[in-house]
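Q: Here is what each chain is made of, one letter per residue.
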Amino acid sequence: MEFTVNKSDLVRELGLSQGVVEKKTTIPILSNVLLEAAGDSVVLTATDLESGIRVSCPAKVKKPGSGTIPAKKLLDYVRLLPDSDVQVKVQENHWATLVCGRSRTRIAGMSRESYPDLPAMPEKLAEIPAGLLVGMIQRTIFAISAEESRFTLNGALMILKKDAITMVATDGHRLAMTESKIDLAGVTGNYRALLPRKAMAELLKLSAEAGADAIVEFAGDDNHLFFRIGDRLLLSRKLTGNFPDFERVLPKDQPHAITLNRDELRSAIERVSQFSDERSRAIRVLISPGEMKVYSSVSDTGESEENLPVQYDGPKTEIGFNAQYLVDFLRAVPQDTVGLHFKDPNSAGEMRPGGETEAVYRYVIMPMRI
Amino acid sequence: MERPPVKTYLHVDMDAFFVSVEELFDPSLKGKPVVVGGRANERGVVSAASYAARKYGIHSAMPLRTAYQRCPHAIFVEGHRERYTEYSRKVYDILCRFSPRVSMASIDEAYVDLEGTRKLHGPAFQAAHRLHETIRAETRLNCSIGIASSRLVAKIASDQAKPNGVLWVLPGTEVRFLAPLDVRKIPGVGKVTEQNLRAVGVRKVGDLARLDEGFLASKFGKWGLALAGKALGLDAGGWFDGEVGEAHDPKSVSHEHTFREDTADLAGLQATLLRLSEKVARRLRDHSLFTRTVQIKIRYSDFSTFTRARTLDHATHLDTEIAAAAKELFGANWTGQPVRLIGVYAQGLEHSEGQMSLLEEEKTRRWRDAMSAVDRIRDRFGESSVSLARSLQADYHERVHENPENLPGKEPRGKEPGGKS
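Chains A and B supply the protein sequences, listed in that same order.
Residue 49 in my numbering is what sits at position 49 of the first sequence, and the numbering runs on without skipping anything.
Convert by adding 1000 to the 1-based position in the second sequence; the result is the number in my numbering.
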């Protein structure tokens, strides 16, 4: 195999595929990127067996063929080259030679024979604007559980209906649910799938590169989900298991609500949480008529308190929350005002964007007992 | 510089406690070599030995089989944990009548701070004498009492007073009292330290006292500094942090089990883990504490020992949640080889439950209610009256050990604010 590519094209595409490359070295070949040169392009493939990515860049192909090269080493090296053409040649012994201007390098590759095949993308199920998908991912991804043992919570539930997409993520303490109206004529009934966090993060990268107006073609088979944006294809194994019945968790009865300025609330919480227990991040909010007090204390370090004016005439209510959970929402919500809905210190609270919003966005947070 | 006021501490140490309690229930044991801990041919160690048995070189922590070799005609008894706990509590109650500041150091020894009790009980020696008499009268058990200006010297004095004596080390005479004693008499000085001290020519506490503090610090670090202080009769070193009678929260709670025979039976091992988890959870609830980190210990037949820990995403004191973490850790780390000992530890203890669960709050609440009912039943009818079903499969054999739960004074049950009501 022998081809010539533009350095910045190669760096961009290698960069996009880098997140998928296996970090652990249990299967050495998965640390490599598969290069396949044919026609007028070279196709780059990376996979960790859970997810896979296929990207390409225009190339002058002198001799079609394929080979694999350590992905990180390749990117780290090419990035340092001057911005011009790079000539790549992979020999029978799997060694790759890179020539760029006066630079010449040989990298030990591995046979492509042992590189796993990615499943083929089935017929597309829906077309989703990248901007819409990005918004939904950003509104939910932070609520995904970081605990590996809770594997059904290591991703988001995605539900496609003929007129809407719903995305839900929870770590068992808080839950983010968002729903966007969209015409998906091709979808019949409810299409449900669990999308792993890693795939969501990669989707954000691919969408950012393609722009908000790009269209994401979506498809799924029994085990995999496929997202194609232009020439780039991301695929991911579905998470297995039963996602919790989120509708049961969404509060139905919340007698009290206050509206707050997002940035003021966020700054207040961030300041106060400097004096919360580092591990639990516990802060308290005390909502009384006309005023909301946010405060915290660490017995041996200090204490901090902030007062925010609110319109409220219900009973005095004090609730403990994990400051991080509140801030996560305030960072993700695009609107300037937010509503805090609550019942009592032992029931789930809920935050929503203030005012009329296009997309449904509900964020349910369980309190802390302090 | 003003001298701090001289304190007066008693160290009360029950004489051959387990054996003496057994003798109350079976007077025929009196004066005979008795070994508490298990049967002679069993695995396990000696929990206590009568004075007659000690003459054969039997001491606590010695393997039962060794004890049998030393004295084949000794009487081996299993021991009755609940009896010791009951008598320990009786002693504790008596001590509390003499001073509000009482710390049980273990099931059979306690420190009493006599500060402010002079009007009520008179001078220290008189108070100690009356205490000695009262314990004897109300429990029919002998004890030995050391009186000194530091807990360290009081403890060493009670040891010198044994059996059934009271010894007062007058303030100012501590150094002279300690000087002729072997360094091993200092609590915390074991074989290793003893050997290291011998290497620098130290055999007696007096030799130690003559050494330069800086030299000891350079040789043994912090421990060396503590040793220098101890040699002068001071409560030096972390062991004596805090005052007598202060409620301390434990830093961790653990239970271990040594199998009678090494076992690779998965169901039995899991049942034992569950039983240990139940006990750990019970103690957490008694202290109104919650754990965030569950650790297990596995010791195989060849004594190779592994610990593995998992941090939970929320704090808990529920049997089921601790057991689930322990079981998962075990499943992921057990090699399949026969196990000699397993243990369950709760660490990262917190005073509040913290984050509530969104998905399982209902379930958690039901378990919490159930466990508080179970605790009440166990309080009335004993620890083994209620168990999770699977833990009943454990070949579990309650062994007495030095620091059982429910130890009065050690266990501020119901005393802390916000404790169980």
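Watch out, some of these pointers could steer you wrong.
Claimed, not checked - Derived, one-sided and incomplete: chain A residues facing chain B with beta-carbon distance under 8 Å:
#, residue
1, G172
2, H173
3, S280
4, A348
5, V364
The set of hints was computed from the structure by calculation and includes no laboratory data.
Ideal Cβ placement from N, Cα and C applies to all residues, glycine included.
Q: It remains to establish, for every hint, whether it holds in the given structure.
A: Hint-by-hint comparison with the structure:
1. G172: holds, 5 Å
2. H173: A/H173 check passes; min Cβ-Cβ to chain B is 5 Å, inside 8 Å.
3. S280: holds, 5 Å
4. A348: holds, 6 Å
5. V364: holds, 7 Å
When held up to the earlier numbered hints, the structure conflicts with none and fits them all.
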